[in-house]
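Asks: If you read the protein sequences in the order shown, they are chains Y and U.
Residue numbers for the first sequence follow our numbering, so the first one is 1 and each next one is one higher.
Residue numbers for the second sequence follow our numbering, so the first one is 549 and each next one is one higher.
If you are wondering where the hints come from, they were derived from the structure by calculation, not from laboratory data.
On a predicted model such as this, the values are computed, not experimentally measured, just so you know.
Beta carbons are placed, not taken as given, at the ideal position from N, Cα and C, and that holds for glycine.
Careful: at least some of the hints might be erroneous.
No more than 25 Å apart at the CA atoms, straight line, and that leaves these computed lysine to any residue pairs for SDA-like [claimed, not checked]:
{"no.": "1", "chain 1": "Y", "residue 1": "364", "chain 2": "U", "residue 2": "1188"}
{"no.": "2", "chain 1": "U", "residue 1": "1199", "chain 2": "Y", "residue 2": "64"}
{"no.": "3", "chain 1": "U", "residue 1": "1315", "chain 2": "Y", "residue 2": "324"}
Stretch-level coverage of chain U by chain Y, calculated; a stretch enters the list once three of its residues show a Cβ under 8 Å from a Cβ in chain Y [said to hold, decoys possible]:
{"no.": "4", "stretch": "862–868"}
{"no.": "5", "stretch": "1054–1068"}
{"no.": "6", "stretch": "1105–1117"}
{"no.": "7", "stretch": "1154–1161"}
{"no.": "8", "stretch": "1212–1221"}
{"no.": "9", "stretch": "1316–1322"}
{"no.": "10", "stretch": "1333–1346"}
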Amino acid sequence: MPSVVVDRKKRQRTATESIIPKKKRTTEPGSSKPSQAPEPTPKSIIELEQQISSSTEYYNNLVYLIEYLNSSDSQIALLAATSLFRSFARMLAAGLLIKPKLSSAALAQETVTLWLRDRYKDFKSKLISLLNNENAESALTSLTILVRLVKEESSYLAPTNGEYYFAKGVFRRILHVLLNQSDDELLLEFVEKYVNKYDDMRYYFLHFSGLLASDAQTNLSDAQKTNFTANLLSALYAIDNFPTEDVHLDEFWVELPKKSKQPVTKLSAQKAAFQDSWLAVLRLPLTVDQYKYILQIMHNKIVPYMSKPQTLMDFLTDSYDAGGSTSLLALNALFSLIQKYNLDYPNFYTKLYALLDRNVMHVKYRSRFFRLLDLFLSSTHLPALLVASFIKRLSRLAISAPPSAIVIVIPFIYNLLKRHNSCNVLLQRTDFIDEKIAKEFDHNDPFVANEPDPMKSRALDSSLWELATLQSHYHPNVATLAKIMSEPFHKPAYNIEDFMDHSYNTMLDAEFSKNIRNPPAVEFELSKTLFESGNGGEQAYLEGWHLC
Amino acid sequence: MGKSQLKQLKERLKTSGFTGQTNSKKQQKRHPATTRADKDLLLQSIREEFNPFEIKTTRQKHGDILGRNVQGAIGKPGLSKQIGEENRRRTLKKELERKNKVGAVIDRRFGETDPTMTPEEKMLERFTRERQARSSRPSTLFNLEDDDMYDADTLTHFGQSLSLDYDDFDAGNQVSASEDNSDLKRRAPVADYTDNESDIKEPERKKSKNEVMKEIIAKSKMYKHERQKAKEEDLEEIENLDGELNVLQSLLFQTSASAQPGSVPADAQRDTEYDAHVREMVFDRRAKPSDRTKTEEEIAEENARRLKELEEQRLRRMTGEVSEEEDDARKTRLVPEADDLSDDFIYDDAAEFGFGKGLDESDSDNEMTGEKPEGSEMETPDEEEANSTNDGILSDDEQPFSDAQSSVVSVTNSKNKFSDSRPQVDAGLAFAYNCPSSYKELQSIFGEHNLENQVVIVERILTLHHPSLSKDNRGKLMEFGPILLEHVVNLGDEPLQLHNESFNKLIQKIHDLAKAYPEPMAMAFREQLAKVRDRLQAAIVRNRDQPTDYPLSSDMLLFALIGVIFSTSDHFHLVVTPAMLLMGQHLTQFPVKTVGELAAGSLLARLFSKYQTLSRRYVPEAVNHINLLIMSCIKQSAIPEGFPLPSTVTKLAIEGDNNSISLRNLQLSDIMCDTLLTSLSTPAEIQLALSIVKSDLDSLKLFSSLWKGKDAYQEIFMPSLELLEILERELRMSPKQAAVLGPIAHAVKETANSLRNLIKMQTVNRKPLALQQHKPIPIPTYAPKFEVNYSVDKKSYDPNMRRQEISKLKAQVKKERKGALRELRKDNAFVAREKLAEKKKKDKEYHEMLARLERTVASQG
């Protein structure tokens, strides 16, 4: 192969040599300061651009144009930027910006190249600073130009010719600016337009966001970190259509050589980048809301796209042990790990039992949790002691729960009892009159409420008095539902899903939508005054309350 | 057995009397049938008995089982075939021969077919018949009584026969005369009767053509005659009228000339008046004997009985009893069949209990069956009912509120007593008011009047628009009720200006209206509730620091009104159930920030205890609320388990020595107090806060006595007790806390003690549950059913008698059908055979004829 390479070099050299004679006619562009730039008008900008393309002697125009970028008139700046982009794109295509091999700066054409490269760098840093411009239009345009430059650079500035090259430097700088911006509008635009569309963009985005996140961990102040995290999270949430097979990786921003084995074409590499990025984010300080939201989407938006979801285990275990609603949320992702990735979780049911705390009936994620609980307790091979503990704990909680939660618990317990016949003693115990047990507990409930281990809670010796009490709940439908506990268990199972999504509001809706069919009963007589009168006298309906 | 066939035959013949001694007396006695036919029959049977070839036996596969007699196992097919053939020959062949033929010769000779008659007997019989016939035959053509003559040409007059043959009592001859039906029918009903009888006696005979023609002629004659008669009558009538015309004309002219107003004679007027009176009196209702005046005991007894009845109705509503058929319907829905695959059809389990569709709205009123109208006062009032129920508005024998108002209510009964009652409020009040149809109108009527005057105005409106005065009034009052309710509820926003006594009177009015018109009033209450709901909703979702307009004192007043006006013990109630849900939502979800909100919660908890005084239902929200309140007084951070704990609970920030503060009763206006709980400073505010705590402790005590006997009593109240014990300990241990909460220390101690005792008492009595006491659910079995006394001959073991009957009938139908088909098939075969035979016979005759002809031709030729 070396012979071919040599050949190419030769050809390049001849190409550069052919330019030199033209350049010699002018003064060295780099040596003298350019004279005063002409007044920027759209017309003059186009003129300057045309001059650049027509002859090397007008290269100084680049300097004017770059200065125009600072113009307060965004129109001018934009025009200048596009002109510059076109000019540099031409030069890139012509190979004028390729880093000279020889270090001897004496050669004239190499001096020109170096000078041009410097201008090109100026241009890029100007554009990058423009990204932070308040004017959304110019920020967006500079983003577009920068991304185009990434493409141009990747195709023409490859260190070794013909090899795959991605302009990582520019890309990383863009990303750095975008991620540290105070609002994520431009970032989301970027994600939507490029990251979600082109597979290589996605790969490098994930790759560099991971790197930047680890940098941010050490370099940024707390406020900056918060900002950075929020930006990165919203970008990561915005990434959709993640590929599921290698063949789907077919859209690239930068042209790929045929049959190349670059990591961008591999799903595994993409997944690894995704994973690195997420793990880096999770190491950053998160707010409670972010944390909860991540846990909420983890099982279906993060876990499936990671190459090694087991790496999330520590995070999830910590979350699961945190208690409260965080645990409830972690449960979902943890379950998907256990189910699909063979994660072995010791004392799972003990921890699950611990999740049934005093507030579980009141939290927002109640129905989500009960869906999972139903899944975990659906096995008929669970020991009766364990199931009885769950049943008893649930009914304990139901005694202080709102009606909408009681409505879930009762059919839930019904299904459990139906599944585990040996737990029926909780409802029906005729042989209990065991003097020893009776004495030991002094007629108290043998159930040990604060025992963390469900196998030791003695729930199987207890009875579900709580459910019997709920049969006289003030809400007629709840009371009727609780009555299923004293009816024969004919139904094979209740569909828990039907009872999940109730709340005070839905119940009130149902009540208010009922029509009058029979005239409602009116109290036969008013025998008391409503409020107590000042001088005592008759007993009032509201004892201890005065009208005024 | 053992004897040879021949010997057996000989023996049989001998016993039958065919062989051996013929003249023995014994034998003759034994065999009375000595005629030839009898003998033949006997011989025939003997012959059959000894012919083994006739009998055909079907071989049984399993031989003889338990000596069972299988039908059709042994038969004589040849014989039965022969019998069938003979039968067909006798019936079917006759029909076949008669096919397509009209006339026939019927052999009516005597004895021709009777084999028992001797020829002499036959001859004799024929002779007598002949003689009889001849003697009854008319001798001459001119004999009027001759039957034949009558048929041919009878003397008639106006189509009626002049024959004397038939008089009314002659029933015997009707058979022959029946052809002249029309004639007969015109006679007496007796004729009809006999005619019918004869019809019954003799099956209908086909009429001959001759008879039919005669009938037609007779009918046409009769019609003609009738027409003539009618025409003559008409003519006569016309002539008569023509004759009277002159008289009529003179009358007509006379009346038109003399008819003038007032000229009716006095007598006539009196008469008409009299008539009118009589008519009125006819329509007057008769005086009924009135009930005698009841003694006091009787009245008391009646009242007691009525109260008992009402209490029974209330109890039924409380237990949510449903009528039988609805109950059945529900049961059948709840119990699925054994092979019920629930994926065949989709239904919502939750909807069965009336929960609606979760996040969607749905009108599932299945559970509304919990409420049934039982009392007469709740049924849709028709006209009569309206009168009785409206007594509630005006009657003065039911004045539940207070004695002071009795005079005012009596005003409403008699308008002329207005001046007696309360002259001080009457000043400046009009006597007549329009019934307001909108809230604005009511406001303009009330204007600046104070509460006392408002009560009087309302009373006057109700009196003036009593439904008995005009039929429109009912509708007006139905509109007025909701308006008055809105007014009273709005009054609650300015509780300071209210006077308790007058306010109670207004509530009394609302109660009366609700009793009379429960439906519009219930709707009005529900509307008010819906408004409260909207504001509560907004208050819950608002930011913590945003101001809210939710717990208004009028909202609380509304809940209190519902409690006194409606029957809160019902299992389901259209107003009370949503109200309780709303109260529950407030206690659970509304974040308490100010003292006023605390007071509102306290009022709601107290109201819950009042709502459930009779039905004693469990309200978790109320206990949770009280627990949180006790918790807010506690300094300690370790909180016992057993009740939900929101993330933020505002602690009561009371400082300093409050021992000098004495607790007071709460007021409705306290709800409007908007001091933050965190910034209680003035003694008045501290007094209020502590009074609220005290009030809640009282509510807790109320609940603890209300829910005695609940199975989970310990679980319900244990957290409260533990909290109270912590508070007690703090009060004992830290002098600072004792100083801060000084005024309620006693109440805390007392409540804790009573709770402790009650919990102990309740748990001692507690027994393990036995909820599934009913007989166990059978496991479906697929083992074959075994009958102990099974018999093959018993056709069915179906326990369902009706089904058994049906299957029996079905089997019978099937059998008959098969038999009929078989018979038809045999009939067809027989017909075909006969036809073939006939054809062969014809052919044979034809060929013979041809052969004969040929022979003659041949012989001639």
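Asks: Among all the numbered hints in the text so far, which are the ones the structure does not match?
Replies: Structure breaks hints 2, 3, 10.
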